[in-house]
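Peer 1: Residue numbers (my numbering), protein chains in the order written: chain A, 1 to 1033; chain B, 10001 to 10210.
Hint data in this document are derived by calculation from the structure and do not stem from the laboratory.
Where hints are given, some of them may not hold.
Unchecked claim - Derived lysine-lysine pairs resembling DSBU-like cross-links, with alpha carbons at most 35 Å apart:
hint, chain 1, residue 1, chain 2, residue 2
1, B, Lys10040, A, Lys942
2, A, Lys471, A, Lys358
3, B, Lys10071, A, Lys822
4, A, Lys942, B, Lys10027
5, A, Lys574, A, Lys486
6, A, Lys117, A, Lys220
7, A, Lys822, B, Lys10027
8, A, Lys548, A, Lys613
9, B, Lys10163, A, Lys822
10, B, Lys10071, A, Lys951
11, A, Lys822, B, Lys10098
12, A, Lys424, A, Lys548
13, A, Lys942, B, Lys10098
Claimed, not checked - Simulated DEER-style distance windows between Cβ atoms:
hint, chain 1, residue 1, chain 2, residue 2, range
14, A, Met910, B, Arg10045, 25 to 33 Å
15, A, Asn1014, B, Arg10095, 47 to 55 Å
16, A, Glu837, B, Asp10041, 26 to 34 Å
17, B, Asp10041, A, Arg898, 16 to 24 Å
18, A, Asp981, B, Glu10034, 51 to 59 Å
All residues carry an ideal CB built from backbone N, CA and C; glycine is no exception.
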Amino acid sequence: MENRGSFLTSASLPIATAVIATGVFIADTLTRVDIAVAVLYVAVVLLSARFCRPFGVAMVAAGCAALTILSYVITRNTGPLVEGMVNALISLGAIAVITPLVLIAQTRELALRRSEKELRDLLNTMPTIAAVTRADGYREFQSPGWLEYTGLSAEASMGYGWQATVHPDDLDGYVSTWRASLVSGEPFEGEARFRNAKGEYRWFLTRAVPSRDEQGNILKWYAIKTDVDDRKRAEEAARRSEKDLRDLLQNIPAVAFSARPDGFNDYQSRTWFDYSGLRTEDSLGHAWHGGVHPDDLESHVSKWTASLESGQPFEDEVRHRSAHGDYRWFLNRAVPLRDENGKILKWFGILTDIEDRKRAEEAARRSEEKLRDLLDTMPAIAFSARPDGFNEFQSRSWFEYSGMRMEDSLGYGFLASVHPDDVKPWAAKWMEDWEKGEPLPFETEIRYRSAAGEYRWFLVRVVPLCDENGKVLKWFGILADIEDRKRAESLLAGEKHVLEMVAKGDSLDLILDALCRLVEEQIRGGLASIMLVDGDRLRRGGAPNLPKAYTDAIDGAEIRPSAGLFVTAAYRDKRIIVADIATDPSWANYREMALQQSLRACWSTPIFSSQGKVVATIAMYHREPRNPSPRDRELIEQITHLAGVVIEGYVMQEALRRSEAHLAEAQRLTHTGSWARIPTGAHLCWFQDDVYWSEEMFRIWGFDPMQGPPGYETLVLRVHPDDRDRMREVGETAMRDTTGIDHEYRIVLPDGTVKHVHAVGRPILSASGKLIEMVGTVVDVTERKRAQEERERLRQLEASLAHMNRISVMGEMSATVAHELKQPMTAAVMNAEVCLELLQRDQIDIQEFSDATSAILRSLRRGAEIINRLRSLSRKSNPQRELVDINQAVREIEALLRNEARMSSVAVRMELATETPQVTGDRVQLQQVVLNLMLNALESMKETGGNLVLKSELTETGSVLVSVGDTGVGLPEGDEERIFDAFFTTKLHGTGMGLAISRTIVESHGGRLFARENIGPGATFCIELPHQVGRSS
Amino acid sequence: MNSPIPATVFVVDDDADVRAAMLRVLKTVGLQTEAFATAKDFLNRTLPKGPSCLILDVRLPGMSGLDVQQKLVEAGSRIPAIFITAHADVPLAVRAMKLGAVEFLTKPFRNQDLIDAVQHALARAEATVQELSDIAALRERYATLTAREREVMGLIVSGTHTKGVGSVLGMSEVTVAVHRSRLMRKMRAGSLAELGRMAEKLKLPQAEYI
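Just chain A, with the same shape it has in the complex (with noise of 0.2 Å):
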């Protein structure tokens, strides 16, 4: 195939087509042979390649072979035979040979033709773009994503059109690469940015491969372009940044260096030159060693090997000499740079100039030797410490004062003589100024132990040294003996915290107890005591820190000679010392007890009163045989003076505080306010204010206590507007005529409330019989008052009630009222009328006519006793405390009912007692008791009829007993007790009220009113009053 393609394509094609031409021209002149008709065999071939597939090629050249064989055949025996044959053995190798090109031919077109469809495709289905172009260059082809990015239609960007969308600062260069390669036929890559739809451009790399035929000839071009542009971007970043970095090396005032992992310098910038005037090949590697001053090549060559193996940065200070052959200080900092697996891959380092720095601290250095020189000298105590405060320096005072060594001194060891109670204030004190960051001269109080063991007070004055920034440098301080200055100013505030104490009332044994302390402070190492003298034995007043032991057993001890030498002290009356107690020949009594409790020097003084009584006695007592200094004995005659008044003053002022205690309790207890009030001048002005008002008048007023008495006009205007112009009316001339108070007003306090006050008053005269004084006492009586008023309230309230249950009971009976008046009435009427009847006769019946004036007296005194019954019932008249008898009264009620317990079948039965039993109390009220009680029985028989029993007795317990019974319903079942309920009833109209009233009007008075069940029907109700003996009306 691949010869014969090359035979075909060879240029031999032409020659052998002349040839064949040339053979059928000579086939054609000079035989005759007919060479048209295989021509034309030829050329049907050839057509049907137009339209047919190989195969059908293959049938017509068949077809055409099959033809020229029938026209031989037939005209075999019509022309000369040898022609005929030729001629059809020619038309026969015609298309023999025809027919194998035509096929190969048109089998090469068709795969061609199929695999650039394909490619096509594929180009179509991808998302990169894609183009194809002739070779020429004409573009013919692009993918959709080429369109899709640009926007352009496909025919805007065939052939040229796409050189539009190319950056116009890239198209040159472009479109030049690209001409150069479509003439050299070399593969394309160029890059260059492309306009997308939105008018942006984008970097595109474009790479185009040649398409060639057998020959070598270049069929198309195949484009493919790729999206570099956010590469494009990075890279120019990248290489922008990198710029900048070389730019900054070389320009900053440092000097900048890399080196190799091993060591080994790399680079340095222009700086390093320019500073050590050395060429690069000088420097590079390890050969910048040689600039270094040889007094700190080792340390810094050493240090720098150090960090290189153990990857840490490196730090050191170091000389380096200059251009000049002199040396200057230098910071070398150096850190590596790591992988990611933490390979050191470099290291960079930066010097930096320090000289002037390093000449300041030198500077520094040297003055401050010079001030520890001077301060070394000084008489005062100075120091100073780093900023964190730790002390560098002491001057030699200190060390003489404290007695500690340097060593022991320097740092923080100082603090071993600081007091242990101002350790921790002096350290808040410093870590707060030192925290604060804003460093202040602060100053302190501080004990420091002397090399003695005693403390002292010093004043410590702190100033800070700062650099330019504030940043402390250094403290310098100094310390001042304060210790005599201090010990006045806290004798002065331990006497004025006693006085405090005093003044507020703290109990005595407290203010002992601070005493004894205050002088405990002032001596150091003593133990005091104050025992008080209480007849004629010491009592313990305050010890605070001797030993419990000891006070307890000295506690009580007997005033006489030589019983100790407190107790001496007390009965001598003058200070007795002694400085030791193993040896003194007075302390026989107690030296074992003292010693026991390592007492060893007692020092005693007495405390006397201001009448110069002994009323105390205060001791000093030391662990060690002591004798007092003088400043002992000047501070101890100080404190005895102090006590002596403290202890005097408290005894006064507790009697004062009790016995006032003790009043006002009375004044509260009693409502009892007292006042007092002077007169002024000639003029007894009752107007003077009131200078002295109790705690209980306060109340009684309600005034402020703090606010002290108020002036009498505001008093004034605290009285009920009707009482006041009495009250000043009766103020005013008790004054004047120098007479007592004592009359009653009304006050009325800002919330409303109002006060019974019952006041009294009486004038102090002078011996001349001059007014002094008033004093008096203002009695709050509103309880009593409110308690009259309550009781008179009830009473009249009680009264009321029964009145009305009378007047309700009276309009129950109006009927039979009325018909127990018309009854006499009408007698009396028709008498008279008979009276009048028998005057018109001729002959007067005397007798008659006297029985008849008779009869209508009789009615008519009847009708005038029913309705004085009645009035006596319906009066409401104040509750009268008379003597009654009970009989009478019973009776009485009886007449009033007779008649209505008749209309119900009520027999009524009397059993009065014989003796005439008598009580005090309100005749009216005890009949309206019996009314009801009646009229209650006569209910409960209404229906039934009955008997109606009345009974009066005189009980042997000495008391009277009424009693109603009846053989009604009885008592309704187990409300018994609720029968005398007020509103309890079992009637259909009752009021509930006549039971509850009743037992009221009984019980007021002093008896008692109950109910039993009779044996029989009904039930019986009894009045119990105390029996009044004696008198009888």
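Please arrange chain B on chain A, whose structure you already have, making use of the hints.
Peer 2: What follows is chain B alone, placed relative to chain A:
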């Protein structure tokens, strides 16, 4: 008034004063009186044949005046009653009048009112007495009739003709006529109408056989 038997006035009042006063008043007009404190006492008393009347207090212990009157009516007594009361109310008065009270007086009343009421009551009592004696005479006459005559009389007074009577009783008209003339003679009836009034007074049962 001119009745041979003297009239009696009974007084029942529990109040002694009123009772005495009433007796005194009635005595002034010459009436015979009899007084009782309770109703029970009065009811135990047998009433006299002659005309009498009763003065009753409405409000009495045990039994009220109206109850007394009720009892009397039930017992067939026709004694006229005068009620007196301390306070009158309409229902009380109506009840009293229904029981045949002659008068209802409210205390206090004028003597003349009481006397008038008593006179009126006594007049009615006399009439009653007359009527009762008439009926007693008729009863006596009716008692003389034979059984057959009573039958015939009953039919006649109920308006049955002679023929009808005969057929009812199963006898001839002539026999009926004989019986009729005999019984009319015995009853002293002048006409059939008179016989009818008699039958009415006698309270004969009519139309027994219709």
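Peer 1: Compare the structure with each hint and give your call.
Peer 2: Each hint tested on the structure:
{"no.": "1", "hint": "Lys10040/B <-> Lys942/A", "result": "20 Å, holds"}
{"no.": "2", "hint": "Lys471/A <-> Lys358/A", "result": "17 Å, holds"}
{"no.": "3", "hint": "Lys10071/B <-> Lys822/A", "result": "27 Å, holds"}
{"no.": "4", "hint": "Lys942/A <-> Lys10027/B", "result": "38 Å, violated"}
{"no.": "5", "hint": "Lys574/A <-> Lys486/A", "result": "31 Å, holds"}
{"no.": "6", "hint": "Lys117/A <-> Lys220/A", "result": "14 Å, holds"}
{"no.": "7", "hint": "Lys822/A <-> Lys10027/B", "result": "22 Å, holds"}
{"no.": "8", "hint": "Lys548/A <-> Lys613/A", "result": "28 Å, holds"}
{"no.": "9", "hint": "Lys10163/B <-> Lys822/A", "result": "70 Å, violated"}
{"no.": "10", "hint": "Lys10071/B <-> Lys951/A", "result": "38 Å, violated"}
{"no.": "11", "hint": "Lys822/A <-> Lys10098/B", "result": "26 Å, holds"}
{"no.": "12", "hint": "Lys424/A <-> Lys548/A", "result": "32 Å, holds"}
{"no.": "13", "hint": "Lys942/A <-> Lys10098/B", "result": "27 Å, holds"}
{"no.": "14", "hint": "Met910/A <-> Arg10045/B: 25 to 33 Å", "result": "31 Å, holds"}
{"no.": "15", "hint": "Asn1014/A <-> Arg10095/B: 47 to 55 Å", "result": "37 Å, violated"}
{"no.": "16", "hint": "Glu837/A <-> Asp10041/B: 26 to 34 Å", "result": "29 Å, holds"}
{"no.": "17", "hint": "Asp10041/B <-> Arg898/A: 16 to 24 Å", "result": "19 Å, holds"}
{"no.": "18", "hint": "Asp981/A <-> Glu10034/B: 51 to 59 Å", "result": "54 Å, holds"}
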